[in-house]
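Asker: Residue strings, one per chain:
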Amino acid sequence: MTSFLSSNAELIITIVKIVILLFIVLTVNAYLTWFERKVVAHMQSRWGPHRVGPHGLLQPLADGLKFLFKEDPTPAGVDKFVYYLAPLLALALALTSIAIIPFGPDPIRLFGHDIYLGIAPPDLNMGILALFAITALGVYGIALAGWSSNSKYPLLGGLRSSAQMISYELALTMSVVGVLLLAGSFNLKEIIAAQGKHPERGILGWNVWPQILGFICFFIAAVAETNRVPFDLPEAESELVAGFHTEYSSFKFAMFFIAEYTSMITVSCLCSIMFFGGWLSPFPASWTFTHYLPSAILIPFGLWVIWDGIRYETIFGKIILPGAGTVIAALGALFILFPDVNEFIQGPFWLLSKIFVFLFVYVWMRGTLPRFRYDQLMAFGWKLLLPVSIVNVILTSFAILRWSPQ
Amino acid sequence: MTPQLVVFFVLAALAVIGAASLILQKHPIHSALSLIVVMVALAGLYLLMGAEFVAAVQIIVYGGAIMVLFVFVIMLLNAGVEEHTSISKMAGPPGLLLVVALAGFIAATIARSTESVQTASQTGAMASTKGISNMLFKDFVYPFELTSFLILVAILGATVLAQREKH
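These protein sequence lines are chains X and V, in that order.
So the first sequence is numbered by the working numbering: it starts at 5 and just counts up by one.
So the second sequence is numbered by the working numbering: it starts at 662 and just counts up by one.
Relax, there's no trap hidden among the hints.
Here are the computed lysine-lysine pairs in the DSSO-like style, where the Cα-Cα straight-line distance is at most 30 Å:
#1 X:Lys-84 - X:Lys-156
#2 X:Lys-84 - X:Lys-74
#3 X:Lys-322 - X:Lys-70
#4 V:Lys-687 - X:Lys-84
#5 X:Lys-201 - V:Lys-791
#6 X:Lys-21 - X:Lys-70
#7 X:Lys-70 - X:Lys-156
#8 X:Lys-84 - X:Lys-70
#9 V:Lys-687 - X:Lys-156
In case anyone wonders, no lab produced these hints; they're calculated from the structure.
Since we're looking at a predicted model, the values are computed, not measured.
Using the sequences and the hints, build the whole thing.
Answerer: Here it is in structure tokens:
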């Protein structure tokens, strides 16, 4: 038994990491729907979900149960194999892309093994290429769902989505070439390291400043790739009922849903890593007092959650919220007490904060922007986004030739 | 059996099954899906040989862009199930002959090669990307530029043909 464990340690560690990451991603997905509904509701002067649990926090659980227990009819005349394959494909590809993201710079040392945060090995040289390869295949989930449903609205949604994703994939790929030129690598870790070459510059060293054009193009194209507002034409409910997933119900619908939210997380990770320094702190390295920022956020937040829970009249709110608040505040205190732990969580803390900001921007856009018309969408992608991203590549190449150290 | 060998046989089997299924499937979408399986399996084989860049490009260009266009056109035309006619008398015997000849040729080549099959050393994406770009933009720059010129002409030709009805 011990020999089996020691000889297959890498494999077992990877499997455990996959299970943990899967659990985290699915939970975050569920609470992202809660977050989105809450934020959009407040933008529209509504309360959002607030009946199920304190602040509606158990709403995702109720939604999940509903997805599991709903009747799951297969419409007549569908192409069965493709109809079942499509949601699986969408979900599998979305979850695979998360595996390539590194979440922290330093490994944890456990049982004599260096365990890096993130599933892919840290020296994965084709990181960004692999992500694009997975994104390139992602369109099949939607296109095939639309085609196999044997219904006109899904077919139109599927066609729209294929055309949209082909058009915006070009701009998406071209817009990161500038970052790759600056870093000289496809490796996500090295892309971050290139932005931290001068630790004293902090936020000024990030790629977003020299690559502002690239960032704008990348973010717009990425939103279009994830089929979110204002590019959610494949599921435009006023024209196409629900677009490509009209004929899907129950858990097969949930799979599309999870896939969409997972790709939102992936895109947020990519934006943070490629343009916003990944796990680098925005402050100069000499400002060591900023290392207490995680605690300075966690402890007041935990205390607020305790205070908020005590006001509840239900036993549920009185127990759950103060309990969660105590854990959060204790975590904050732990980081102050153990400097080693505090150093370790700096990287993941900044990366997760940046991911959170981008997820908020996604929701913000959904609450703000109207949907594009189809011809506007195509014209925008081909006539504006693609030329601008190509100009960005040319400008970056010239700048590197002119001012590079060699 | 090393793990690499196991992965190789799985991918090789996937590619062969996908290719056979491409021909045998009756519906165009199923054929297109089989072709995607072949493309992805080939990318896996490239990856196994350490050609990370080529593998990624194989999936991005063939698996992504080109096959999406295939699927897109099939969906747009709403192509139905193909009707299989009885095999053409002209095509049957010569086709079989060609298959036997090709299989024999490949088998003979493999049998005659003295070196055992080797996998390339792991060089890393950037190294192989550097190698590829050096070849493309230094050693073979004229053929490369000529090819892109040819593609440009083809694009212009397609645009002109598509616009002709207006005049």
